[in-house]
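Which chain is which? The protein sequence lines are C and S, in order.
Read the first sequence against numbering that gives the first Met the number 0 and you will find it ends at 190, with the numbers running on by one and no gaps.
Read the second sequence against numbering that gives the first Met the number 0 and you will find it ends at 613, with the numbers running on by one and no gaps.
Simulated from the structure, these hints should not be mistaken for laboratory data.
Don't take every hint at face value.
Here are some, though not all, of the chain S residues that point toward chain C, as calculated from beta-carbon distances under 8 angstroms [claimed, not checked]:
1) Tyr6
2) Ile62
3) Asp127
4) Gly147
5) Val229
6) Thr268
7) Val287
8) Gly522
9) Thr526
10) Leu530
11) Val538
12) Ala576
13) Glu580
14) Asp581
Each residue gets a CB set at the ideal place from its N, CA and C atoms; glycine is no exception.
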Amino acid sequence: MKLLSNALIVVGFCLGTAGAAGFHEPTDPEYKAENPNAKTEEWALPLFIVGLVGVVSGCLLRRAHDRSQRAAEDSQTGGLKGVFKGQLESIRDMVIELDEKKNELSTQELCGRIDKMFRNEYFDLTARNEDYARLLGFTDYARVWEGVATAERQIARTWSMATDGYPEQGIEELPLARKNLEHACEVLATL
Amino acid sequence: MAKNGPYRELTFLSVIAAVITGVILNMGISFAGMQIGFTIVGSTVAAVIGFGFLRGVLRRGSILEVNIFQTVASGVNTVNAGIIFTIPVLFLLGMDKEMDLRALMLAATAGSLLGVVIIVPLRKQIIDLERLRFPEGVATAAILKSPGAGVAKARLLLISIAFSATVLTLTKLPVEDPLLSEHFNIGKLIGLPAGLRLVLALSLLSLGAGYLAGRHGLVILYGTLLNFWVLIPFCLWMGWVPAGFEGDTLSSLGYERADSFNGAFAGFTSKLVGVGMILGGAIAGILVALPALKSAFGSLKSSPAGGAREEVSMRVLTVGAGIGFVMLLVATWLSGGGNVSWGTALIAAVAGTLWLWIAGLVVAQTTGRTDWSPLSGLALIAIAIMMGIMGTADEYIIPAVTVGAAICVATSMCADMMADLKTGYLIGGKPIKQQIAQIATCWIGPPVAVGTVFILWSAYSFGPDQAQRMYDRQVEQGTVQEYVEKGGGPDQLARGIPNIPAPQAGVLESAINIVQSGDIPLGKYLTGAVLGLLVSLLVSPGLGVMIGLSIYLPFDYMAVFGIGGILSILVTRWKGARFAEDKGVPIAAGLIVGDALVNVGDAIVRVIKAGIAS
Chain C
0 MKLLSNALIV
10 VGFCLGTAGA
20 AGFHEPTDPE
30 YKAENPNAKT
40 EEWALPLFIV
50 GLVGVVSGCL
60 LRRAHDRSQR
70 AAEDSQTGGL
80 KGVFKGQLES
90 IRDMVIELDE
100 KKNELSTQEL
110 CGRIDKMFRN
120 EYFDLTARNE
130 DYARLLGFTD
140 YARVWEGVAT
150 AERQIARTWS
160 MATDGYPEQG
170 IEELPLARKN
180 LEHACEVLAT
190 L
Chain S
0 MAKNGPYREL
10 TFLSVIAAVI
20 TGVILNMGIS
30 FAGMQIGFTI
40 VGSTVAAVIG
50 FGFLRGVLRR
60 GSILEVNIFQ
70 TVASGVNTVN
80 AGIIFTIPVL
90 FLLGMDKEMD
100 LRALMLAATA
110 GSLLGVVIIV
120 PLRKQIIDLE
130 RLRFPEGVAT
140 AAILKSPGAG
150 VAKARLLLIS
160 IAFSATVLTL
170 TKLPVEDPLL
180 SEHFNIGKLI
190 GLPAGLRLVL
200 ALSLLSLGAG
210 YLAGRHGLVI
220 LYGTLLNFWV
230 LIPFCLWMGW
240 VPAGFEGDTL
250 SSLGYERADS
260 FNGAFAGFTS
270 KLVGVGMILG
280 GAIAGILVAL
290 PALKSAFGSL
300 KSSPAGGARE
310 EVSMRVLTVG
320 AGIGFVMLLV
330 ATWLSGGGNV
340 SWGTALIAAV
350 AGTLWLWIAG
360 LVVAQTTGRT
370 DWSPLSGLAL
380 IAIAIMMGIM
390 GTADEYIIPA
400 VTVGAAICVA
410 TSMCADMMAD
420 LKTGYLIGGK
430 PIKQQIAQIA
440 TCWIGPPVAV
450 GTVFILWSAY
460 SFGPDQAQRM
470 YDRQVEQGTV
480 QEYVEKGGGP
490 DQLARGIPNI
500 PAPQAGVLES
510 AINIVQSGDI
520 PLGKYLTGAV
530 LGLLVSLLVS
540 PGLGVMIGLS
550 IYLPFDYMAV
560 FGIGGILSIL
570 VTRWKGARFA
580 EDKGVPIAAG
590 LIVGDALVNV
600 GDAIVRVIKA
610 GIAS
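Using the sequences and the accompanying hints, generate a full structural model.
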């Protein structure tokens with residue numbers, strides 16, 4: 000069904016654009032003579048409308064497919080929301096650990112842990128942000144994700160400052176990042 | 000080893016050095032832009048210069064201090080795109096004596112300030128929440144992070160920069176037969192009809208940007224193929240073609256005429272439908288993002304819990320917007336030369352500011368997804384709106400173009416600011432520091448760019464009839480004999496005079512003539528807008544914007560961009576997402592940086608050569 004819906008959207012868009020290309024004064028002298036008040040080419044409007052119908056049909060089919068796929072996902076291990084919750088809590092716990100051990104770690108260890116978190120857990124989480132936005136709706140997604148994004152920036156700041164030889168100043172960002180991630184988890188738990 | 004003292008971020012040294020760098024880049028790229036028809040983005044180049052100066056020469060710059068350097072330098076530089084796409088048209092129309100320089104400076108500065116203040120509230124939406132990629136922002140961050148990224152990544156970045164720079168240099172060497180061609184006509188090689196374009200540009204910048212854009216590259220490829228492989232053949236078959244090409248077919252067009260046909264078709268159909276799609280897509284994007292935009296504006300009004308303010312306050316932005324608006328209003332009235340009343344100037348300034356906000360959002364979305372922006376198309380619409388408000392007679396062209404210049408400057412500032420904030424996000428920069436630095440220095444770039452255009456006009460003239468104009472000047476000044484001895488004539492520039500065709504100004508001149516004739520093809524804009532709105536609302540936000548953009552931009556570069564996107568998808572599928580990110584990003588970033596460095600170097604060489612010759 001996904002293939003059909005995508006094909007309808009692609010072909011419909013092509014037809015719609017082809018129709019749009021005909022929205023100028025007719026160039027065919029015969030057609031112009033028969034329709035002196037025509038503002039478009041003969042087949043422009045029908046093509047455009049068929050194209051729009053194709054795009055809309057394809058979108059409706061695709062939404063139906065996405066809905067059934069989400070329902071199937073939800074019936075399995077906690078669904079997408081469960082995945083989101085698990086990923087977010089895992090990152091929160093890692094940052095809590097980092098914050099608690101910040102004075103014991105060398106600069107190299109600190110940067111190494113942040114690098115690893117960004118390449119693994121944070122990467123996996125942020126790679127699915129569009130899925131989570133669709134799942135929660137943009138407003139609720141924004142309430143959760145604001146904390147995730149701010150924490151990411153604060154942790155990156157820790158990395159930059161530590162790399163430049165200022166680890167003591169860099170680790171001051173970790174409690175702030177922790178707070179943002181804890182808040183994000185709390186908000187997600189209420190949704 | 001841990002260092003003492005405060006961490007260096009927003010410093011006097013970085014700002015001053017950046018301003019000087021930005022001024023030099025601005026002048027060089029203004030000149031080059033008027034020669035080649037497009038400008039070169041400056042963030043990556045500014046980052047390399049800042050890195051080399053602060054960390055290499057002075058041995059004291061921090062990652063975040065270099066970020067401030069590149070933010071300011073690119074901000075001072077970027078306004079040239081808005082200036083050289085608009086103001087030169089007034090010279091071509093013979094209105095240079097009637098122009099009010101104060102009005103132009105004021106308008107450009109207003110645009111620069113407004114561009115910064117209107118885009119700041121959208122940072123959270125576009126960067127934090129939507130997580131738009133901003134390929135150039137990612138490339139710049141890769142440079143800044145290279146000291147701590149590990150030897151392997153730094154090596155990949157450097158090799159890639161060297162490779163890209165070498166390849167581009169080989170296409171630019173001033174020899175009769177360049178070692179490498181800039182374009183490869185694969186269609187001609189395999190015997191495709193001339194009307195079915197298959198020419199690829201040797202643009203490693205496009206390849207790198209496409210890789211960083213990822214699957215959005217597929218959408219760009221779709222738009223490009225839709226125009227060149229579906230729309231053009233269909234319209235040729237139906238006879239829906241611009242004047243002068245009636246009766247032509249895919250085969251009969253011939254390779255000699257194919258380029259001029261594509262250009263004419265773009266002006267007749269592709270650009271109109273494409274810009275319509277971009278607008279429809281942008282409106283859809285605003286509708287979808289309204290709830291998040293409300294929360295973004297709301298968070299600006301209050302300080303965040305548990306920490307210092309991270310963005311400039313709403314009060315500062317409101318004051319900045321107010322100052323910018325008043326400057327725009329005064330510039331509109333001044334530029335009218337008595338033909339524009341205060342009432343009309345007010346309406347034009349209000350409409351201009353609203354359009355500026357929409358255009359800024361559009362450009363932030365397009366550069367966020369692809370690194371390309373429809374600056375000239377949006378400036379065109381701005382000027383058409385202004386002429387609609389003020390009138391289409393000749394006396395209203397100067398104020399319309401003046402406001403158009405402000406809007407164009409603002410939109411280029413929006414795109415640059417967003418890319419810089421993306422870089423800041425990736426390396427942990429505090430947005431408020433970048434925003435303060437940008438607001439404090441945004442007034443410097445406009446007079447440099449405007450001044451450069453005026454200097455070029457008085458020294459060399461420019462435009463499609465540059466040779467004729469220079470010859471006529473020599474006749475007026477009584478120096479024609481000397482000029483002819485140097486090889487000059489009505490059809491040929493004398494030795495030492497650089498050729499400055501200012502192609503964008505030529506396009507704008509044609510567009511203004513169309514607006515004055517009243518023959519604006521609204522149908523194509525509106526149908527494009529409906530399509531863009533529909534796919535953006537029903538399929539994916541931003542889709543209309545990307546397809547609209549790729550429909551009218553050159554096939555040669557868009558196809559390569561699309562190939563970069565496909566490469567990213569394939570590498571991810573075969574080697575995994577982490578490999579694609581770890582290895583692919585430094586390589587792609589290096590391709591962008593190497594290309595940009597050579598282009599800027601070329602611009603500086605042109606300026607020096609022109610200076611020596613004169």
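Results of checking the hints against the structure:
With a cut of 8 angstroms, the hint placing Tyr6 of chain S at the interface with chain C holds, because the nearest CB-to-CB distance is about 5 angstroms. This hint holds: Ile62 of chain S has a C-beta 4 angstroms from the nearest C-beta of chain C, less than the 8 angstroms allowed. Because the smallest distance between the Cβ of Asp127 of chain S and any Cβ of chain C comes to about 4 angstroms, under 8 angstroms, the interface hint for this residue holds. For Gly147 of chain S, the interface hint holds, the least distance from its beta-carbon to any beta-carbon of chain C being 3 angstroms, beneath 8 angstroms.
Because the smallest distance between the Cβ of Val229 of chain S and any Cβ of chain C comes to about 5 angstroms, under 8 angstroms, the interface hint for this residue holds. The beta carbon of Thr268 of chain S is positioned within 8 angstroms of a beta carbon in chain C (closest approach about 5 angstroms), and the interface hint is therefore held. With a cut of 8 angstroms, the hint placing Val287 of chain S at the interface with chain C holds, because the nearest CB-to-CB distance is about 7 angstroms. Interface hint status for Gly522 of chain S: upheld, as the beta-carbon distance to the closest one in chain C is roughly 3 angstroms, under 8 angstroms.
Checking Thr526 of chain S against chain C by beta carbon gives a least distance of about 4 angstroms; that is within 8 angstroms, so the hint holds. About 5 angstroms separates the beta-carbon of Leu530 of chain S from the nearest beta-carbon of chain C, less than 8 angstroms, and the hint is met. Contact between Val538 of chain S and chain C, as hinted, is supported at the beta carbon level, the nearest pair being about 6 angstroms apart and thus within 8 angstroms. Taken as an interface hint, Ala576 of chain S checks out: its beta carbon lies about 7 angstroms from the nearest beta carbon of chain C, inside 8 angstroms.
Interface hint status for Glu580 of chain S: upheld, as the beta-carbon distance to the closest one in chain C is roughly 7 angstroms, under 8 angstroms. The criterion of a C-beta within 8 angstroms of any C-beta in chain C is met by Asp581 of chain S, whose closest approach is roughly 7 angstroms, and the hint holds.
Of the numbered hints stated above, none is contradicted by the structure.
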